[in-house]
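J.: With the hints as constraints, model all of the structure from the sequences given.
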Amino acid sequence: MYRGTDPRLQRPVAIKLIASDRAADDPFSQRFEREARLAAAVEHPNVIPSYGAGEEDGHLYLVMREPPAVEAIASLIASSG
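According to the numbering used here, the sequence shown is numbered sequentially starting from 34.
A hint or two may mislead.
As the list claims (entries may be wrong) - The calculated label-pair distances, taken between Cβ atoms and stated as ranges, are: (1) Ser112 <-> Gly85: 28 to 34 Å; (2) Ser108 <-> Asp59: 34 to 40 Å; (3) Tyr35 <-> Ala57: 16 to 22 Å; (4) Leu109 <-> Val75: 21 to 27 Å; (5) Gln43 <-> Ser112: 26 to 32 Å; (6) Asp58 <-> Met34: 31 to 37 Å; (7) Ser108 <-> Asp58: 16 to 22 Å; (8) Val80 <-> Leu42: 16 to 22 Å; (9) Thr38 <-> Pro60: 28 to 34 Å.
The set of hints was computed from the structure by calculation and includes no laboratory data. Ideal Cβ positions, reconstructed from N, Cα and C, are used throughout, including at glycine.
T.: Okay, structure coming up:
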C-alpha cells in the first residue's frame with residue numbers, strides 16, 4: 034500500500050500495487066480485475082470505496098480512498114516487515 038494524491042481532484046488516496054510477476058499471471062490479473070469491479074460496487078460505511086484500478090508498466094493497481102487510520106496501518110506494515 035502506498036499513499037498518494039489524485040492529480041485531477043487533489044485528494045489523498047491509497048494505492049495498492051501488485052507485483053509485476055503476479056500481474057503477468059493471466060488468471061491472477063483476471064481475478065484482480067473482477068475483485069476490483071466487485072469492490073467498486075460495494076457501498077457500506079465499513080468498506081473503503083475504490084476509485085479505480087488499472088495497469089501501468091506491468092503492475093496492476095487499485096486506487097481507493099485513503100483510510101482514516103492510514104498512519105496506524107502504515108506503522109503496522111512497517112513493523113511486520
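J.: If a hint holds in the structure, say so; if it does not, say that too.
T.: Going through the hints against the structure:
Range check, Ser112 to Gly85: Cβ separation about 29 Å, and the 28 to 34 Å hint holds. Here the CB-CB span from Ser108 to Asp59 is close to 35 Å, well matched to the stated 34 to 40 Å. For the pair Tyr35 and Ala57, the supplied restraint of 16 to 22 Å holds, since their beta-carbon distance comes to about 21 Å. Our hint of 21 to 27 Å for Leu109 and Val75 holds, since their Cβ atoms are close to 23 Å apart.
Restraint check, Gln43 to Ser112: a C-beta distance of roughly 31 Å satisfies the suggested window 26 to 32 Å. In this structure, Asp58 and Met34 break the distance hint of 31 to 37 Å, their C-beta atoms being roughly 21 Å apart. The supplied range of 16 to 22 Å is broken by Ser108 and Asp58, whose beta-carbon atoms lie about 31 Å from each other. Checked against the hint of 16 to 22 Å, the C-beta distance between Val80 and Leu42 comes to roughly 20 Å, which is consistent with it.
Evaluation of the 28 to 34 Å hint for Thr38 and Pro60 yields a pass: the beta carbon distance comes to about 33 Å.
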